[in-house]
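Colleague: Top to bottom, those sequences are chains X and R. In terms of this note's numbering, the first sequence opens at residue 1 and continues consecutively. In terms of this note's numbering, the second sequence opens at residue 1 and continues consecutively.
Hints listed in this document are in silico derivations from the structure and should not be mistaken for laboratory results. Please read all numbers here as calculations on a predicted model, not as lab measurements. There could be a bad hint or two in this list.
Just some of the chain X residues that point at chain R, by a computed CB distance under 8 Å [said to hold, decoys possible]: (1) Gly-69; (2) Ser-73; (3) Thr-246.
From the three backbone atoms N, C-alpha and C, an ideal C-beta is built for every residue, glycine too.
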Amino acid sequence: MNAAYLYSLIAVVVLGLIAYAGVEAAGLDGLFGLVIPYVALLIFIIGFANRMLDWARSAVPFRIPTTSGQQKSLPWIKHAKLDNPTTTGGVIGRMLLEVLLFRSLFMNNRVGFRQVGDSQRIAYKWVIWLWLFGILFHYSFLTVVIRHLRFFMEPTPLLISGLERVDGMLQVGLPGLFISGVVLFAAATMLLLRRIVLPRLRYISMPADYFPLLLIIGIAVTGLFMRYYTKVDISRIKELTMGLATFRPAIPEGEIGGLFYVHLFFVLLLLAYIPFSKLMHMGGVFLSPTRNMANNSRIKRHINPWNHPVKTHTYEEYEDDFREKMIEAGLPVEKEPK
Amino acid sequence: MTGKPKDLINSIDFTPPEKPWDDVDADLSSGRFCYPTKKKNLEYLGMPTTTKDEWSPADEEWPLPDNWQEIIYEGFKDRLEKYRSLKVFMDICVRCGACADKCHFFIGTGDPKNMPVLRAELLRSVYRKDFTTAGKILGRLAGARPLTKDVIKEWFSYFYQCSECRRCSVYCPYGIDTAEVTMMARELLSLLGLNINWVLEPAANCFRTGNHLGIQPHAFKEMVEFFCDDIEEVTGKRINPSFNRKGAEILFITPSGDVFADPGTYTFMGYLMLFEHIGLDYTLSTYASEGGNFGLFTSSDMMKRLNAKMYAEAKRLGVKWILGGECGHMWRVINQYMDTMNGPTDFMELPVNPITGTRFENAASTKMVHITEFTADLIRNDKLKLDPSRNDKFKVTFHDSCNPARAMGLFEEPRYVLNSVCNNFYDMPESTIREHTFCCGSGSGLNTEEIMDLRLRGGLPRANAVKHVHDKYGVNMLACICAIDRAVFPPLMEYWVPEVGTTGIHELVGNALVMDGEIERTTNLRFEPLTDEETEE
Numbered sequence: 001m002n003a004a005y006l007y008s009l010i011a012v013v014v015l016g017l018i019a020y021a022g023v024e025a026a027g028l029d030g031l032f033g034l035v036i037p038y039v040a041l042l043i044f045i046i047g048f049a050n051r052m053l054d055w056a057r058s059a060v061p062f063r064i065p066t067t068s069g070q071q072k073s074l075p076w077i078k079h080a081k082l083d084n085p086t087t088t089g090g091v092i093g094r095m096l097l098e099v100l101l102f103r104s105l106f107m108n109n110r111v112g113f114r115q116v117g118d119s120q121r122i123a124y125k126w127v128i129w130l131w132l133f134g135i136l137f138h139y140s141f142l143t144v145v146i147r148h149l150r151f152f153m154e155p156t157p158l159l160i161s162g163l164e165r166v167d168g169m170l171q172v173g174l175p176g177l178f179i180s181g182v183v184l185f186a187a188a189t190m191l192l193l194r195r196i197v198l199p200r201l202r203y204i205s206m207p208a209d210y211f212p213l214l215l216i217i218g219i220a221v222t223g224l225f226m227r228y229y230t231k232v233d234i235s236r237i238k239e240l241t242m243g244l245a246t247f248r249p250a251i252p253e254g255e256i257g258g259l260f261y262v263h264l265f266f267v268l269l270l271l272a273y274i275p276f277s278k279l280m281h282m283g284g285v286f287l288s289p290t291r292n293m294a295n296n297s298r299i300k301r302h303i304n305p306w307n308h309p310v311k312t313h314t315y316e317e318y319e320d321d322f323r324e325k326m327i328e329a330g331l332p333v334e335k336e337p338k
Numbered sequence: 001m002t003g004k005p006k007d008l009i010n011s012i013d014f015t016p017p018e019k020p021w022d023d024v025d026a027d028l029s030s031g032r033f034c035y036p037t038k039k040k041n042l043e044y045l046g047m048p049t050t051t052k053d054e055w056s057p058a059d060e061e062w063p064l065p066d067n068w069q070e071i072i073y074e075g076f077k078d079r080l081e082k083y084r085s086l087k088v089f090m091d092i093c094v095r096c097g098a099c100a101d102k103c104h105f106f107i108g109t110g111d112p113k114n115m116p117v118l119r120a121e122l123l124r125s126v127y128r129k130d131f132t133t134a135g136k137i138l139g140r141l142a143g144a145r146p147l148t149k150d151v152i153k154e155w156f157s158y159f160y161q162c163s164e165c166r167r168c169s170v171y172c173p174y175g176i177d178t179a180e181v182t183m184m185a186r187e188l189l190s191l192l193g194l195n196i197n198w199v200l201e202p203a204a205n206c207f208r209t210g211n212h213l214g215i216q217p218h219a220f221k222e223m224v225e226f227f228c229d230d231i232e233e234v235t236g237k238r239i240n241p242s243f244n245r246k247g248a249e250i251l252f253i254t255p256s257g258d259v260f261a262d263p264g265t266y267t268f269m270g271y272l273m274l275f276e277h278i279g280l281d282y283t284l285s286t287y288a289s290e291g292g293n294f295g296l297f298t299s300s301d302m303m304k305r306l307n308a309k310m311y312a313e314a315k316r317l318g319v320k321w322i323l324g325g326e327c328g329h330m331w332r333v334i335n336q337y338m339d340t341m342n343g344p345t346d347f348m349e350l351p352v353n354p355i356t357g358t359r360f361e362n363a364a365s366t367k368m369v370h371i372t373e374f375t376a377d378l379i380r381n382d383k384l385k386l387d388p389s390r391n392d393k394f395k396v397t398f399h400d401s402c403n404p405a406r407a408m409g410l411f412e413e414p415r416y417v418l419n420s421v422c423n424n425f426y427d428m429p430e431s432t433i434r435e436h437t438f439c440c441g442s443g444s445g446l447n448t449e450e451i452m453d454l455r456l457r458g459g460l461p462r463a464n465a466v467k468h469v470h471d472k473y474g475v476n477m478l479a480c481i482c483a484i485d486r487a488v489f490p491p492l493m494e495y496w497v498p499e500v501g502t503t504g505i506h507e508l509v510g511n512a513l514v515m516d517g518e519i520e521r522t523t524n525l526r527f528e529p530l531t532d533e534e535t536e537e
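Please take these sequences and the hints and turn them into a complete structure.
Modeller: Written as structure tokens, this is what we have:
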């Protein structure tokens, strides 16, 4: 699917235009500002919960952690408590390192060939880029989301204004530049370019990979535009968002502008899209049995809820098959032949 | 046919084809597929069969039952409920590509469908079509595709090009385990009677005779006694191991491959010498005469059926605990499945090493101890007299078998033993050992002659790392703790690094072990002179 990113790009542009035209030309401020937000939020919450419950409903018959370190065995052998956990604490530690620091991606390497004489040899090179773009993307996105909580809280909590100060510490321009917004845009763009430029990655990428990236880039671009170029009226936006947050939805007096509605629509689309997409990895990572289980099934019996009886070949049947030969070979038998 | 190593490696090309992967049919020409299971094996095990007795994957029309789509659909649905792993792994992959070049089969073939991400997509695409809203509505746009006979062919091809080694899972940010996906896919294929003979024949043998090779009880005993003759010749000591003996303290179970073929046989001899030397009260069983479990490569039910013998025999003989030999996938089954499937084990006791008194708390529930844990404990407690110089002609490196590595974490025990029994040990590069270890290229039942080209390719990353330490340190011996490795490495090394031999760890233990009352050793267990100089004289 080499044109996959084009489909996705077209989809995002068309969706943006719908919101813009919907508000600017058709005057559907109420639909885009009041109705869709609640609908999208509902889809997100119900969809997300549904997905998690659906996963949780499936059984975990076996303990199948992927072990990435020395097992716990003899006391004088150093046990890798995090990479091969035997306790819940170890598992939590392993998961935290994974979820907060993307540890597995950090170990990533790339296979290549190097010439030795007239023959190639395989060589491995540590590569940091996927980890770097990934972690910048996720943390900048998180920062942006937390910053935006100010639109739903009055007065703005100290934590959020504190975060804003850190985020704006470069003190460039007016209004002050937030690092997170720019990094989000840059990292998402790099992740997108990776998919388009690297042949192997392009080969495995589907519309469902490009679409959310482009949508997020769309969110970032409209956000940056509003903050640094078109300068929307923040107080009116806060009036709208506070109305939504306090369940007294109303479109504020005066102009907010189509660009804001495009931005909002993209965010809501993303929200509603999450439960049906690979973005569910944010919940699924916690349910992955290879990572969230302790490697202790030799120490403590794990129960399989559907462990059903199977037909085995019992010793008695075996002896019946081979009794004569066993006796002849001097092997003990349970039953003497008649 | 496979050409020269140099030409093979130079021909590997990672550039993906022009056509999208779902428009590329699987290559099922001769030499690219494993032979399907003979009907007699399926019938013996009571498994579904194909509609024709004789068929080949190269045939245009496969002998599937009329309702094959329904069978797969129902089987898939059932497994989504039974395995959270499957459901989560179907849903959360973001196709970041971290796994892409971690698979030895991808590295050796350059075939994009051997990238773990695409291997899983083969199944995921069908999952999306049948089980997700987006897939049902958007179809191909959402990465969904209908289940066709070509898809079944593709599954047969690529899920038998995965050795379930779990290396990709280590690098995946969500731990998505292609082994798990492959196991599910193989179960689904089995529902249509599609399996490979190299897996099902050993499984059928094991069901009947107790071991994969179909060795009958009297023959098993004879073969072991034959080892005892060899041991006597080398050491002057006669060993008389017991079989099926009730009341022994310990039941010893090891893969039957080591009874059957070199170089595994030398490892078996090493065990016998070790046990004799320490005066272990143990017995061998002809009924539970297989450590390995080709059920693992078939279905969880088949795994359980074959594995059941271990505990059943331990119970019948009344042993206190079980000691397990060097084998890879056997230890995945023991560590992650056995107690859950066939426990509880309340008829046995917590394993205690009778020589050192060490309590194996890590095996408190399974009651089964790995031989390198056991031997490491003996050495640590100074219970063995060892002369590592008897292995001086070997410069040894160690292959971490996939399963003890990534489904257990057995890293230090074998290295500790190796360092105690030989003077020249060199690890391969970090990115190819321990949890990063590369498969031998023929695990999970792929050790079959007809796909030798594929096996040599799949084994390339491992061989490449061996070649590295061979060039750098003069390594000439590859040690391993897996019977499949011991069958796979001789031809693999012969092709890629012909100067390097293959050994089990306990062969080297047997060489180094100074037994009470032994004669002066002039040869190792292979009847080779202890040093190369003597050959030159």
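Colleague: Now look at each hint and say whether the structure bears it out.
Modeller: Against the structure, the hints:
no.	hint	result
1	Gly-69	holds, 6 Å
2	Ser-73	holds, 5 Å
3	Thr-246	violated, 33 Å
Hint compliance for this structure: hint 3 alone is broken.
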